[in-house]
Every structure is written in structure tokens, then in C-alpha cells.
Amino acid sequence: MKYRVLILIIGLGIFSWAVSLAAQTKAAPVARSFAAPKTPWGDPDLQGTWTSDDCIGTPMNRPVNLGDKLYYTEQELAQRESTLAQQAKNDKQEFVADNARVGTGPPGHWGERARRPCKQTSLVVDPPNGRTPDVLPEARTRPIPEGAGNNNPKADSWEDFSYYIRCISRGVTGSIFPVIYGNGQNIVQAPGFVTILQEMVHEARVIPLDGRPHAGSNIRSYMGDARGHFEGNTLVVETTNFLPNKTGIGLNGGGLPTSDALKLTERYTRTDPNTIAYEVMIDDPKTYAKPFKVAFPITQEPGYQNFEYACHEGNYAMFDSLSGARALERAAAAKTK
Amino acid sequence: MRTKLAIVIAAAGLLLVAAPVWAHHAFAAEFDAAKPIKFRGTVTKMEWINPHAWIHIDVKGDDGAVTSWMIEAAAPNALLRRGWTKQSLLAGTEILVEGFQAKDGANRANGSIITFTDGKKLFVGSSGDGEGPPK
Amino acid sequence: MPDGKPNLTGLWQSLGTADWDIRDHSAQAGPFYQLGALGATPAGQGIVEGGDIPYLSAAAVKQKENFQNRMKLDPEVKCYMPGVPRATYLPFPFQIIQSQKDIAIAYEYATSNRVINMGKAKEAAVDTWMGTSNGHWEGATLVVDVTGLNGQSWFDRAGNFMSDNVHIVERYTFADADHINYEATIEDNTLFARPWKISLPLYRRKEKNAQLNEFKCVEFAEELIYGNLRKQK
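Protein chains in written order, with this note's numbering: chain E, 1001 to 1337; chain C, 86 to 220; chain D, 6 to 238.
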């Protein structure tokens, strides 16, 4: 009797492993051959406003226990779909829940939502474990500016805060990686150029396609110097000439600042009328032990458009954070008198 | 007493499958969890600006004196994508606000819970379902 | 362009001194003697057709006050987005990207930008710094109707200003392959007795390596804006 149960358990185990393996392979998106439209001057047409909303909430790094599992199974996707539906239902609740608590943090209505479940377990897709490579020793001592996670940040001056909080920039990767709002990418093309207008923080990446060399190494910027060309239907963009020690490659440009050696190679491929497969190879030999790749789809959605995100002009929050810190210091000083 | 962000998220009915990255600044850097506020106020102006919109309200105290407050609300772009415009919250509208006051003691607070006087949430709905502002 | 429309794509910049003062102006000392000649205002011909701006009397007073307090009030000092039409004649270039649909303009100053909607005209949902632009072609002229400006921009460093009632209509017409004649008509009946017009040429940047660079000036203005809130040692 015991043996039969044991065999049954083992059999079930093998069965579910086989199913999940099959599901993993099935869930991997296949770029179907899609007759990509062309602009009147013959370039692949990537124009439109695209958003990474569907992968909101997907972490950069895959939880270690998931190993090399990049894609969710069909069953897991179905579960995530119903969670999204429940969230939409909660969002539509007209009245505040009885157990709602008042907090100093951002309330629910601030966030934009995925329209369908993100298929992947992490934004990092290579190395196979979905985690950023080791940080080099010389990079580990770089100070990391305060992001949104700290409720009592060191606020001696604006310089303690991230470049996003200062309304300066989120960097190239930070301006497209999915966060809770502001994920819009408006691609406008012209003969010889592609421009990507990114809602947050009102970036406009002007990418020449004429094969000219990069700017000289003494011209550096937050958004780097981009050069593009088409390989078949794929727009390939190489960006160099970054300022060192500013933004990182984390969400909103946070995390460990990258160096002046950073080189990004992006690929944009339209896989169906409303989807572009986006990937970026991040190569910073002064920060990370090896290059790594982030990828996720960006989609066009009915009625989705960018709006102006003026930021610095209305940054009361910076005043308030500094003013609040100074007030607390005065109060503490008064107590010790 | 500091309200844990996780509790606020759960209570607000925000069921995300992974912890969201709350964009922008640390809100608790601005607002003091030891200074709760609960107001009924009349909207005088809504600043549709980034990184956060600000709702200006006049609050009548028990003594009849009127004070002006600024209430921090969401980045408006998400609302604009749901069909909100500058006509969606007009001066003269009465709202109820619960939140916490600014650390520096100024008449500013975060709008943790904002409803109309009938209790209906101001910012009902979400992106993707096309639900616009309340009519 | 394959559809026969003129192609405005390119890197453009205005010359002249309109950003200092859009009216005729002499050379004059700047507000900070420490900057010596670097801080002074150069002389220049104005870009206002007819010479003067037809302010209503209260607005004329306000303009003079603006000028007296310009280092505190001029949004350009704080790296605020310049709005329309000032973005066109700042001493910085801008890149026009004209597709078969919409037209994007990326201004170097403060990474300002806007998209000119060439489809069915859209109303401004809210007021913004760079406004809501709807464009169409009249023959070989691009006509851009700009509404929804928040009125917080100035026309120049001399305190010439607008309100959120302003309505701008721009016209871009090629004079030849490397020059665009730019005109803008300004209407705001809360400030001006009648509509008035500015005009100036735009020059194509011809240097071999000419490209839009980055001028994210927030960092250069932070000490000025937040300095009094810095922790004192």
C-alpha cells in the first residue's frame, strides 16, 4: 500500500515537472513572421506611442528560487490574470474599504496598471538566472543617491537625492523600464532619424541613422550619445558617451551609478501591429563583471498617449523634503537646549 | 507610530503580484506620521502638475476661521490617460481628505484618502478600462 | 517628402538677440557686475512686427516690474521649460523630426520638446509648459496652432510675458533649403490690446558634426532655488 502511494507521488512529481517544462517552452514567445509596415521613405515603421505597462511590478532580478525559469506557465499566467482582474475590480470600488488605513505613503490610485499579465519572471533575461552579474570591487564604493524607498532619507541637500527625484533624468534604461506610471515611449521617425520621446522625465532621444561616428569622448551626457541603424526590421541603437557616476540601470535610473565606460545596445523589433520586442544589452566593464541583457515587450494601447511631465517646474516635494528635514533638526536642537 | 507601507497598500486594495516600486520620492520624507489630519474642505484650485498634482482647499475651522491647505495627489498623467481634464475637479467642489501634515508644520498634507462628501472615492477606476472621472 | 510636403527635418537655430529682448534694445550692463562683459546684454533689432508690444496699461506696468525683478522671476534662470514661442529663439539649437504623420521638435535647452499633432486637432486636457500643438499645411507653410499654455513662460529675459489665455499661431515656411521663415501671431486679450506678431529666420546648422547636445540645466539652478534649505554645517 505504501509503495503504491510512493509510486503515485513520484509519478505525479514527474508528470507535473514534464508539464511545467512543456509549458515553459510553450510560453516562450515566438516572433512570428510579421509583415512589418514601412515608412514612405522605406524604413521599418516603429511609430506610435508604446508602453511597458504590462510588466509593471516585474522585478529586475529574478528570485533565486526560480532558477533559470524565465517564463511563467500557462497556469501561473491564468492566476496572474485573475489577480489583475481583482485589482481592476478593487480600483473600481466607489467607496473606501472599511479597513482602509491612512498612511504617509502613496495611495492606490497613483498607479497605472498592466492590461495583461507579464509573461516573464524578471526583466533581466541574460544571464540565464535572470540576475545582474557581480558588481566589480572598484564600483562597490560608489555612493548611491537616496531613492523613494527611504522614509527618513539623509536630506542635507538636493544632492543626496536621486537624479529622478531631482527631476533631472532617469537615464536611458530608467526611462523605459516599467514602473508604476509614466512608461510611455512615443517613436517618431523621419528620413535619417528616429526620435523616442519618453514621458518621464520629458526626454527626447534623437537617433541619427546616417552612420556618423559618435561625438568625441569629451562630450558626455545623462542620456548618452545614440547612433542607430536598421538590421532587417530591427532598429539597433548604440549609445555611449555617458557621464560617469550619475544614474544607475535600476528602475527609475536608481541603484549603483554606472561609469563612463557604459555602452548600451538596444534592439527594437515590431512583432505584431501592437507589440515591439525591446531588448538592451548593458555593458559597463567598470561596474559589472560582464554584460547582461534586459528584455520585455512594449505595446500600443487604444487611447494611450504621452502627456507633458514637467517635473522640475512643480517639484514642491523637493522643497518639502528639505524643509521637513531642517524643521526636524531645529526641533531636535531646541530639545537639547 | 509609523504606518507600514505594506499595510497601506493592502488596505487600499492594491493587489499586485509583486511589490511595486513606488516611484519618486519618499513620501514620508515630507509628511509626519504623528500629525494626522482629517478635513472637509472646498476646492479652490487644482494644480495639474508633475511630479504630483496639488489640490488647494479652504478648510473652515470650528471657530469659523478659514485656512488654506495644499493636498498632495497623484501624478496627473495617469488620470489624464483615464480621461480626466482640468474640468474634472472644479473650484467649489467639497471634498473630504485624510492624511498627514507636512513635517515642517506648513499647511500641506498628503491626500491618502480623498472622497466626495457622499463618501465616494475621488479617483475611482484604473488605466486600461477607460473609466474617466466621475460625472 | 514622398507626399510632396516640404521636409523640415534638421537641426535649426535662430541668430540674433531675441531671447534678451524681443523689442529693439541697446547694449546694457547686466545685473551682476562680477560677470563683467559676460553678464551684459548685447544690442539687437527686435523681432516684433511694428516695433512695440501692444500691452494694455496694467500689463505694461507688470512688464516693467518683471524687468526690475527679472533674475528672480525669469523662468529661464530656473531652467523651467521655455514654452512657445521662446523655445524657437533661445540661443540653443533644436531638432525637427518630421514623419509622414506627426512632427516632433526636440529643443536642446532643458531637454524641452513637443509633438505637433498633424491629425485631427486635439483639445488641451490641461495647461502645460510647452502647450498643445495642432498643425496643418497651408500650401508649403506649416501652420501650428498652440493652445493650453500655462502662461508662466516669458517671451524673453526682459520681462515680456503672457497669461494662460494666450493663443499662438506659428508659421514655418522655407525661404531656401537652409533657411526657414518663422512667424508667430500672439493673442491674449487680457494683456494685449490687439494680436501682434513676431518674425525671424531660422538657420540650418551646417557644421559637419552638428548635432543636438544635452543641456539639462536643473543642476545649474539647484543652488539658486534650494540653497537656503541646505543643511548648515
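It is worth saying that the hints were derived from the structure and are not from the lab.
All C-beta atoms, glycine included, are put in the ideal place defined by N, C-alpha and C.
Hints may be right or wrong, so weigh each one.
As the list claims (entries may be wrong) - Beta-carbon label-pair distances, calculated as ranges: (1) M6/D to Q1093/E: 47 to 55 angstroms; (2) Q50/D to K1154/E: 45 to 53 angstroms; (3) T1083/E to P121/C: 37 to 45 angstroms; (4) D1134/E to W142/D: 35 to 43 angstroms; (5) R235/D to E1074/E: 50 to 58 angstroms; (6) K10/D to G1211/E: 45 to 53 angstroms.
Unchecked claim - Dumping the calculated DSS-like pairs for lysine-lysine here, alpha-carbon to alpha-carbon at most 30 angstroms: (7) K213/D to K1263/E; (8) K77/D to K238/D; (9) K1337/E to K77/D; (10) K1154/E to K127/D; (11) K120/C to K1337/E; (12) K1038/E to K106/D; (13) K236/D to K1335/E; (14) K127/D to K1092/E; (15) K171/C to K236/D; (16) K125/D to K202/D; (17) K1092/E to K205/C; (18) K1092/E to K1119/E; (19) K1290/E to K1119/E; (20) K10/D to K213/D; (21) K1154/E to K123/C; (22) K171/C to K83/D; (23) K1335/E to K123/C.
In rising order, the numbers of the hints this structure does not comply with: Result: hints 3, 4, 6, 9, 10 and 15 break, sorted rising.
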